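Produce the complete structure using the sequences and hints provided.
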Amino acid sequence: MYAKLFRFWQTIEALSPQGADKPDASNRSFPIYRVEDGNLPPWLDSSHLRRPILANKAWRYSLQCGLFDSLKLAELLTTRISQPDDVLNEKLKGGESRLFDLGFDDSGIPIPETFVLSMACWASGQILQFNVDILEQGGQNNLDDVKVYDHVLPINSGYKGFDALSERLIGYVAKQAAVLQKQNQKATKEWLDHLVRFVADKCYFPKHLFSDQPTYIAKCFQVKVEGKTSAGKPQEGNGQPGDKAGDADESSTAQSDDLIGKPGDKAKDVVGSSAAQRNDLINSFYIGDLTLLKKAAETENLGEGLQAFLAPHNIRPINLRTPEGVRTSLEMLSPERMPRGCWPSDHPLVFSQQLAVNEIWRRLAKEPGLFAVNGPPGTGKTTLLRDIVAAVIVERAAHLVEAVRKNRTFRQEQNQKIGDRLIPYYPFGDAVAGTSIVVVSANNGAVENVSLELPSINSVPDRVEGRYFTELATEVLRAQGQKSASAWGLLAARLGNKQNRTTFLDKFWWAEPCGAETKVGQPWSGEGLRWHLNQIKCGSRQPSMSLEDAIERFVQAQHNEKKARQKLIDAADIPKQIQKKQETYDKALLELQRLADEEAESQHLAYEMDKRILLLDTENNKLGSQICEVEERLTKHDNEKPGFLTWLLTLGRSHRDWRKRKEMIVAEHDNLLKKQGLLMQHKRDAEAIRDKARATLAKLARHKASKRAMANNLCKEIRDLQRKLASTKAELGKHWVDQNCDNDAREKSSPWMTEEWRLAREALFLAALDLHRAFIENNADEMITNLNLVSDWLSGKSLPEQMARTALDTLCLVTPVISTAFASVPRMFADIGREGIGWLLIDEAGQALPQHAAGAIWRAKRTIVVGDPNQLEPVITVPSSVEEALADHYKIKKPWWPTMTSVQRMADQATDIGTSLEDPLGDKLWVGCPLRVHRRCDEPMFSISNHIAYGGMMVFGKPPSSASNLPPSCWIDVHGSRNQRHWIEEEGEVVNSLVCLLLKQFGIEREDIFLVSPFKDCARKLSEIGQQFRLDSKKVGTVHTSQGKEADVVILVLGGDPSRPGAKDWAASKPNLLNVAVSRAKKRLYVIGNAAEWKKRCFFKQAVEKLGTKTFQEFVSQVQSGSDKKAP
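For the sequence shown, position 155 (counting from the first letter as 1) is numbered 154 according to numbering that gives the first Met the number 0, and the numbering increases by one without interruption.
None of these hints come from the bench; they were simulated from the model.
Computed from a prediction, not measured in an experiment: that's the story for all the values here.
It cannot be assumed that every hint is accurate.
[Said to hold, decoys possible] Calculated pairs, PhoX-like style, for lysine-lysine (alpha carbon to alpha carbon, straight line, at most 25 Å): (1) K673 to K661; (2) K1044 to K1105; (3) K1033 to K1044; (4) K1094 to K1105; (5) K706 to K586.
[To be verified] Cβ-Cβ distance ranges computed for the label pairs, FRET-style: (6) K181 to C513: 44 to 52 Å; (7) G1107 to K3: 50 to 58 Å; (8) K673 to D637: 17 to 25 Å; (9) R477 to K536: 21 to 29 Å; (10) W1065 to A1091: 17 to 25 Å; (11) S545 to C513: 23 to 31 Å; (12) R477 to S1022: 23 to 31 Å; (13) A687 to R660: 34 to 42 Å.
Cβ coordinates follow ideal geometry from the N, Cα and C atoms, glycine included.
Printed below as a string of structure tokens:
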């Protein structure tokens, strides 16, 4: 099944088109033109060439060529793949896509290296010309009249046919460009049309999908004519920067704004020879990985984590919000289950956060697998991940101590010949191998949030002294764009694409000092780790701490943590002891009652036996008298025996009568004796029973005395424990786990996390970092060798798997957390095999498609999936009819369709502890281990989000803040009639006035305002307003660009073309979009739109009701009059 699933996903990826940009000819700096019949390319258009351009800059152009209607292509594919009746008859979403992209210089000469063929068009042509299964064979091309071009770097998309055609087409473009240059000509519209038709022919792409004359989108931008090179950067060599061909940006959604040659790129970034400069963003990054996974499935080599992710799930869920779930939660939060180390913070994790950390650690610390955490907005997902990072570092330090003592930290030095170089390296032992931490996301903002936050000095309290390569961490952080930032430790690095990796390596490894030592034995300003370790290696500098001292401090910290933990384990055990002793006491009371009952029975039996014996004695006396009387009669009868004479006289009759009477008397005597014997037996039996009962009574008396003494002791012990419990509760205060407290109080509590234990756990984490640094510096020779290998790996060199794993483990030993977007995983981790990554932390997983994450999960031993299915969903561009046709072809059920799921949803279904959410429509959704305390938004934003998306699951936990002078949140009702597509002019006027009011009258900082809209048309107009008021450009855009960000004030501009109500219906079809927009606002939310129209739609109705509506005139009037109360 899984091999078919990967084939299905792979074909989906191949057929996913990227849309064309919208024209924006009015943009002064970066105009976008639509070039169609009758229009000229911009380099030939005099109106464009008259535009002013800055000195030392030149125009560059990126053309999206051969526009076509993706709806028409979808209809052709659906019919070809499946019978029409096999696919649901639904309305398809259309839009323009393109055949290929190509860059041009200011002279209108094509830049061959920027040619990128659309894989969707190629794959569509393959299916239409042959069938779906041709893709399994890599495709089939007619390349007879397209010659090989020697100077094209190889392409490796995962489809050999696509790669071969792309390489030859690049060569073809290069030859055509050479002809243009030789003839001193520029590319004309006719030249472009010929190229489009030629490429379409080679792709088997139906040319009737183009208009009569092919159409283009021309994006224009200005770049410096000459770019500066960085001085002193090492050339290719051992451990020095290089790159794999085709490295690309990590935007998983391949937005057109990320095209090569985007605004701000230098000319050298456009015209260079590297294949990395081609615009790979119109094609999938994941084809090769899915091929790899298909083979792994066929050989049953998927691994525990990926199998858990993919398998049909029949888990027995435990709903943590039920009474059973609460009891289970309390068990999971016992002190012995918590990791030994934690991240330094003055605010310990709250109930649900710590529960998630404990379960992750219990399940995954020693075993492979997967675990999902549901993280609604503002509930501390990053905070939770920091504690996982701390736990991993502490655990690795503990293993390092053992390895150092046994001299097993490194294995024997290895040498591997790669090309003409012999590369040495030292594989790690079990202490380090497989402990890497990689954070990955589909959202670049989420990657930055984690990787830039962990090292930041703001992520730890002021009391924490940074000692873990602090100066170097600050240099790295600033090189990554945080210009004025300071770091507390080298905890994370933002990697992924080539630019990020190069920036990191330049500062982290290759940088050389530019000043004098700041402290004796400490790093110089601006030096990289290579310089520092070489100084130690040659004896010019000493390690910051000896390894022996670091181990001693760590072991002492372990002892302190264990001692503090044991106190809490003992405290947590008190109720169990009381319960156990109470149960024993209750059993003792029951036993005493049983003994008393048995004693009463025995006493009654003894009494009855005495009575019976007495009766038997009386009866025996009577029988004795009767026996005596009979014996007397017998004696008398014997004495009365007839004599001989009488015998003769009676002819013997007298003797016969006498004998007969004697026999009767003897029989009577015998009968009485028999009765007496039976009576004596009964008496003996009764005496035996009586004696046994008396013995039992004596035994019972002893048992009762023992049980009574035990019960008395238990009662005393219970009273003592109850007093101890009361004292312990008073001592622990809010950290005591109260099983009977209300839901909100429980969720906001931090079970067991006393200051003593929290500081001990923090100290252990800090001691672990010191131990890591000491290990690195005291093994300078081995670490330099391995870090050179890291440089090779990050520079893109292909390595054998063991070397690549050693490079990854080495980097994460020094910089514990590295981050990347999913798009960079197939290339950056190409040489890492199954379970080569120790810990994979997937952030914002609700936005990620499962096929994008599958390769990363396969490479990870442990995967933690954190996200929220009720925030933004994945972007998928393949039409749903094509998806359904492919699903029918491959026999794949809906739970695995990309349009029906996300990484978060699939991981949630694999996690047995969680809860069920219900939205206002009654739809239910199972989510894994939820975080519940929300600390970002004030009211009413919190209640809106909690109601529309979480069924009231979240708990309001934002600390009280000082009163704000900002106008209260509200819905500003605007009924506009003038529109440009979705942009409503009247709404724009209100935005202008509102921003002006907030800036001038209320003095809000510009970076504290967020302008968002559901629609791109509105976002472009908002961008202009943002530029006018000099707002932060990163906080202006569509709602889809805002996830993972926040601001004091969010202005949500709804827009919506009045003639296209379906657009509003789309925005309101699910709670996700509104939930994201609302939950960005920390203090105020101002919604601008037609309240009457939007109130008709679910979810927005709740927003209207909770915010209240005002016209802008009413809003301004009330603000100026001060009639509204200031909201906290």
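(request) Could you tell me which of the numbered hints above are not met by this structure, giving the numbers in increasing order? (result) Hints that this structure does not satisfy do not exist here, as all of them hold.
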